[in-house]
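What follows is the residue order along each chain.
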Amino acid sequence: MDQLPCGSAKKTMMKRESISIRIDTARCDGDMACMRVCPTEAIRVRGSKARIIESRCITCGECIRVCQTRAISAVTASFADVSRFDYVVALPSPVLYGQFGRGVTPDRILAALEKGGFDCACDLTLACEAVNAAIEQYVRRYRGPRPLISCFCPTAIRLIQVRYPELLEQVLPIESPKEFMAREIRKTKARELRLREDRIGIVYLTPCPAKMLDIVGHPSKEKSDIDGVIAISDIYRTVLSLLPISGRGEHGERTRMSGVGMSWAILGGQTTFLKPENCLAVDGLRNVVRILNDIEIGKLRDVDYVECHTCPDGCVSGSLLVENPYVARARILGILGQLGTKPCRSERERAELYESEDFVVERRLTAQLQGPLDLDVSRAIGKIRRLEEIRQSLPNINCGACGAPSCAAFAEDVVREEAQLSDCVLLALEQLRSGQTKVWDVPPAEGHSTPDEGKEP
Amino acid sequence: MTEEGAFRRNFEVLGEDFYNAGRVSTEIKEILQQVGVAATTVRRVAIAAYEAEMNVVMYARRGTVCLELTPELVHLLVRDEGPGIEDIELAMQEGYSTATERMREMGFGAGMGLPNIQKNSDRLVIHSTAGVGTEVEIEVRF
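As given, the protein sequences belong to chains A and B, one line each in that order. Per my numbering, the first sequence runs over residues 1 to 457. Per my numbering, the second sequence runs over residues 1001 to 1142.
Next up, chain B with everything else stripped away, as it sits in the complex (with noise of 0.2 Å):
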């Protein structure tokens, strides 16, 4: 999934760090902002990245997000080192969480991170290996 005349960029997120999460979302939404891509795409994207970067905040180590600009699509690669998800299906459900009590008492872990991915892009892959790692591929296209 490379294309000539895409612009590439890597963020990192570190796990645990809720003051900055949300800040690879924005700075992804201001790239396509300045390209001019369509407000309901924006938030599309914002979402989905948003989403995806939560996920490595609550549950892994670290983990990196590459965003691929085509003049067609969005293409978000979410790699990272955590615990995986052991069963995609189940995690896929909305409620269904992992989050401890008290990611949730800080409002998180509603079980609404992946279904919400789901709805807000066109196409999403996840493979995860338990103890391992997970890598959430995301494309949203114009």
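One chain only, chain A, in its complex shape (with noise of 0.2 Å):
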């Protein structure tokens, strides 16, 4: 009973998805939490269910984390259809080393795993040092506008796509941990066990839905190495109740893992190799927006490189993670100390481990902008005229009764269309009140139900 959902239940075949957050319309009740914590904008509320606006969700997670009825969920089990894999890798994120209690060693968590049904799973700490020392490398190496951007938040990522554009040519194009891992891994394990590589399946057990998007609609390459990605809620129980006392199972032999690997689960475990003068660790949303707002009016080019997360403290806080981020990240810290943060190879090292290896890869990422007002730049005008003449005229204290997150956006749904100015539920008791109009002659919105409804004539 205690299988980890690998080739069972759901076979979704992957596809590139623009997004990876899904609501189930037939669940959701209407409750506005999720349209109040979105920190874009991109979620309305309309006849009761909440529905996203695709181009400007960047795939936080804020909302599956407010979401009472369980309504959202992230694309989960992209699993492309195991069962035609020989040979079944997992990689978990290092996130999930702190998930667990106290003497729970890594060993023991990846000797879990492989009880659960994967052939065999591989920890990725010592990739995430390989990609410190290509970090390291490029910016050395760099002549371009300053800073870099780190490339590892997939919700960053997308946030520079939907607002900012312009920085794209700044993100730092290196190969993440889990993709260098992966094709690594795969010709080892080709070889070892004389498979055809497509017989190998590479499984990545993500903290996040954006890291699930990563791979289903991988920005920068045409096809991920990695095969199928599963949340790592999604597999805690199981791994739970198959821990083994100690070791690694049969095997018995200890992971060779990197405590400079291991900080990538915290904030500030991608600068190790950088000097700490020239190069900022942002977290949370805010600051990231913050942040980027600055490099954007260019007052940050002194630095070399910014790692921008956008959950508090990097990816311990993901919202598809169990435990508290605070615990998994003390956690985390005391598998640090037992790891030591001496990096496994010398600078010297670390610069040929760059130039024989492709770590640099074709960025093509391309803006994600939420298309004007109107193609025509005078008609665009206009609406925007109009946008804020309906600003104006709105009560301006962000009620949501509308069902859009704030008076502005309200005004921009109702110029693009998408909501109608009797929406706004002060608007229409206002002129009640002033008896211009009654109560008859407002219009039911769209997808609300009238009082009548249903009833026989």
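Careful, some of the hints might be misleading.
Cut-off 25 Å, straight-line C-alpha distance, at most; resulting in silico cross-link-like pairs (DMTMM-like, lysine to aspartate or glutamate) [said to hold, decoys possible]:
#, chain 1, residue 1, chain 2, residue 2
1, A, LYS115, A, GLU192
2, B, LYS1119, A, GLU114
3, A, LYS383, B, GLU1027
4, A, LYS189, A, ASP86
5, B, LYS1119, A, GLU277
6, A, LYS342, B, GLU1101
7, A, LYS49, B, GLU1068
8, A, LYS383, B, GLU1139
9, A, LYS383, B, GLU1012
10, B, LYS1119, B, GLU1072
11, A, LYS275, A, GLU347
12, A, LYS275, A, ASP313
13, A, LYS383, B, GLU1030
14, A, LYS299, A, GLU323
15, A, LYS383, B, ASP1017
16, A, LYS189, A, GLU114
17, B, LYS1119, A, GLU41
18, A, LYS275, A, ASP294
19, A, LYS299, B, GLU1016
20, A, LYS299, B, GLU1137
21, A, LYS187, A, GLU166
22, B, LYS1119, A, ASP294
23, A, LYS49, A, ASP29
24, A, LYS299, B, GLU1101
25, A, LYS299, B, GLU1012
26, A, LYS342, B, GLU1012
27, A, LYS223, B, GLU1094
28, A, LYS299, B, GLU1030
29, A, LYS299, B, ASP1122
30, A, LYS383, B, GLU1068
31, B, LYS1119, A, ASP304
32, A, LYS299, B, GLU1139
Anything over 12 Å on all C-beta distances counts as not near chain B; from chain A, calculated [what the hints assert, rightly or not]:
#, residue
33, TYR164
34, THR272
35, GLY337
36, ARG363
37, GLY400
Which bits of chain B does chain A cover? Going by a derived footprint, with three or more residues having C-beta under 8 Å, they are [what the hints assert, rightly or not]:
#, stretch
38, 1017-1026
39, 1068-1075
40, 1079-1087
Since the hints were made in silico from the structure, they are not lab data. Heads up, the beta-carbon is just placed ideally off N, CA and C, and yes, glycines get one too.
Both chains are given apart, each in its own frame, so use the hints to dock them into the complex.
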């Protein structure tokens, strides 16, 4: 019974997705918590159902956290028909190691994954350290506009695509540790097991829905080297129930790990080999927005590298994790203490590694701006004027009753003809009070049920 | 410099309000994105607007930024009540600044403000009366 969901249940074929968050309309009860928490105003609640405006969504997962009915979920188990693989490898995000009790070592967790149905569970910390070296070397050789912006938080990247298209050229073009590792492990295992490379399936265990998008609709590559993604929250209970007393099951040997790489689970992990005074590590969406604003107006040209995480303290507080992020962070620090922070490679070895491996990827990131109010500039300007007029006529208390998160967002919806001015409850009430309209003059909004509906005539 | 069919909006800027410095430029940027102005142009306007806004925050008591947007260009008129600029030609030189030690410690006053506006605009006109205030007119064409 305690089997991991590989190959079972959902065998959704992977297809390119623009966002990795879905709302189950049947479950949605119209609670506006998601709409209020969304940092990019991408959610509307109309007709008692929440809806995501895809061009605004940056897949941060805040809505998943607050949804009480669990109607909002990440697109999970995009496990591309795992039965077609002869050998399945699990690549857990290092964040996974902080999800269990104090004495639970990474070795035991990897062993549990192997007991649960994966043919092999691979640690990612060494690959993380290798990417640290790549960051160090790339930053050293880089002569373009500064600062470089980290590319490993897909939500931050999406934010740049949606709001800061001019900064895309400053995004670091380095492969992520999971892609790097997936490529390596596929080659190694194929050789070792005498299998064709495409007979090996590689599954990433993710702390957030955004990393899922990273693979399903990979922003920089035609095709990801990862074949499927599972949310850590989905395998948590199984792993917990399968944890062996000690060591790595039948293998018994200790996994070689990197403390430098382990620190990727928390803020600042990417900047180990950079000059600390020349880099910033920024966490939390609001702070990332502030930093991107500053970069956009040219304020941070003397900074080499900005590590951005939209989750507080980095991946350790991803929305598909189970453990309280503060507790998880303390556990990660415990593991870090045991591993030590000594790098596996000297500076010279790191430079050699960078020369010998393909870390640099071609960037295919494109702007994902929401379309303008009108394709014709003159008309768009007319609409901006109307938007401003509407905004000034609104109560501007951002009550949200119209189904938009703010009066400004509502005004824009009206101009884009996605809402009607009469959806503003306070405006309608004011008109009723002043006698300008009567109750029956207010048209029913689309999707709202009227009291008469369903009654027999 | 008025035109029928243009969009106009005024923004207030307060002297010494470092915390909110940059808000006007962000709002202007959002308006330009809604209209569908090209990304490179949006960034030029954002930089020019920010520098002009900062000048008010750093030196003046208060000021206004008047945005005018037409299908061809963005026009910003930044008026402030402040000390004025004694020698405009000198102020236009890179590295020249009258910023106080405290401002420099905060990372401002590198003497790049006006040169930066010049670099990111197609027309820059400055009128200033010492002791009264400064009027900076910025134009960015699409």
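Hints, one by one, checked against the model:
1. The hinted pair formed by LYS115(A) and GLU192(A) meets the criterion: a straight-line CA distance of about 21 Å does not exceed 25 Å.
2. Of the supplied pair hints, the one linking LYS1119(B) and GLU114(A) is violated, its CA atoms being roughly 60 Å apart against a limit of 25 Å.
3. This hinted pair checks out: LYS383(A) and GLU1027(B) have alpha carbons roughly 16 Å apart, not beyond 25 Å.
4. Taking the CA atoms of LYS189(A) and ASP86(A), the gap is near 11 Å; set against the 25 Å cutoff, the hint holds.
5. Pair hint LYS1119(B) plus GLU277(A) does not hold up; C-alpha atoms about 29 Å apart against a cutoff of 25 Å.
6. Between LYS342(A) and GLU1101(B) the CA atoms are separated by roughly 42 Å; this puts the pair beyond 25 Å, and the hint is violated.
7. Taken as a hint, the LYS49(A) and GLU1068(B) pair is broken in the structure, with Cα atoms around 39 Å apart against an allowance of 25 Å.
8. Of the pairs offered as hints, the one joining LYS383(A) and GLU1139(B) holds, with about 22 Å between alpha carbons and a cut-off of 25 Å not exceeded.
9. Distance restraint check for LYS383(A) and GLU1012(B): the Cα-Cα separation of roughly 23 Å lies within the 25 Å cut-off, and the hinted pair is therefore satisfied.
10. The hinted pair formed by LYS1119(B) and GLU1072(B) meets the criterion: a straight-line CA distance of about 19 Å does not exceed 25 Å.
11. Taking the CA atoms of LYS275(A) and GLU347(A), the gap is near 13 Å; set against the 25 Å cutoff, the hint holds.
12. The hinted pair formed by LYS275(A) and ASP313(A) meets the criterion: a straight-line CA distance of about 20 Å does not exceed 25 Å.
13. At most 25 Å may separate the alpha-carbon atoms for a hinted pair to count; LYS383(A) and GLU1030(B) meet this at roughly 14 Å.
14. For the hint linking LYS299(A) to GLU323(A), the alpha-carbon distance of about 38 Å lies beyond 25 Å, and the restraint is violated.
15. Using a Cα cut-off of 25 Å, the hinted pair LYS383(A) and ASP1017(B) is violated, with the two alpha carbons roughly 32 Å apart.
16. In summary, the hint linking LYS189(A) to GLU114(A) is supported, as the alpha carbons are separated by about 15 Å, within the 25 Å threshold.
17. Straight-line distance between C-alpha atoms of LYS1119(B) and GLU41(A) comes to about 34 Å, which puts the hinted pair past the 25 Å bound.
18. The suggested pairing of LYS275(A) with ASP294(A) holds, with an alpha-carbon distance near 21 Å, which does not exceed 25 Å.
19. With a CA separation close to 18 Å, the supplied pair LYS299(A) and GLU1016(B) stays within the 25 Å bound.
20. A threshold of 25 Å between alpha carbons decides the hint, and for LYS299(A) with GLU1137(B) the separation of about 22 Å falls inside it, so the pair holds.
21. Restraint check for LYS187(A) and GLU166(A): the C-alpha separation of about 37 Å exceeds 25 Å, so the hint is violated.
22. For a cut-off of 25 Å, the pair hint linking LYS1119(B) to ASP294(A) stands: about 18 Å separates their Cα positions.
23. Annotation: proposed proximity of LYS49(A) to ASP29(A) holds, straight-line Cα distance about 7 Å (limit 25 Å).
24. With a C-alpha separation of about 19 Å, the suggested pair LYS299(A) and GLU1101(B) falls inside the 25 Å cut-off, and the hint holds.
25. Of the pairs offered as hints, the one joining LYS299(A) and GLU1012(B) holds, with about 22 Å between alpha carbons and a cut-off of 25 Å not exceeded.
26. Between the alpha carbons of LYS342(A) and GLU1012(B) the distance comes to roughly 53 Å, so the proposed pair goes past 25 Å and is violated.
27. Of the supplied pair hints, the one linking LYS223(A) and GLU1094(B) is violated, its CA atoms being roughly 47 Å apart against a limit of 25 Å.
28. With a C-alpha separation of about 19 Å, the suggested pair LYS299(A) and GLU1030(B) falls inside the 25 Å cut-off, and the hint holds.
29. As the CA atoms of LYS299(A) and ASP1122(B) are separated by approximately 21 Å, the hinted pair is consistent with the 25 Å bound.
30. Note on LYS383(A) and GLU1068(B): the hinted pairing holds, with a Cα-Cα distance of about 14 Å set against a maximum of 25 Å.
31. Between LYS1119(B) and ASP304(A), the direct Cα distance comes to roughly 23 Å. Compliance with the 25 Å bound is thereby established for this hinted pair.
32. With a C-alpha separation of about 22 Å, the suggested pair LYS299(A) and GLU1139(B) falls inside the 25 Å cut-off, and the hint holds.
33. Not every CB of chain B is more than 12 Å from the CB of TYR164(A) (nearest about 9 Å), against its label as outside the interface.
34. Against chain B, the non-interface label of THR272(A) holds: every CB pair exceeds 12 Å, the least being about 26 Å.
35. A cut-off of 12 Å between C-beta atoms confirms that GLY337(A) is not in contact with chain B; the least separation is 36 Å.
36. No Cβ of chain B comes within 12 Å of the Cβ of ARG363(A); the nearest lies about 16 Å off, and the non-interface call holds.
37. Every CB of chain B is more than 12 Å from the CB of GLY400(A) (nearest about 20 Å), matching its label as outside the interface.
38. Remark: the stretch 1017-1026 of chain B is confirmed as covered by chain A, as 3 of its residues place a Cβ nearer than 8 Å to a Cβ of that chain, reaching the required three.
39. Here the stretch 1068-1075 of chain B counts 3 residues with a CB under 8 Å from a CB of chain A, which clears the bar of 3, and the coverage holds.
40. With a cut-off of 8 Å between beta carbons, the stretch 1079-1087 of chain B has 0 residues touching chain A; three or more are needed, and the interface restraint is violated.
Taken one by one, the earlier hints fail for this structure at numbers 2, 5, 6, 7, 14, 15, 17, 21, 26, 27, 33, 40, listed in ascending order.
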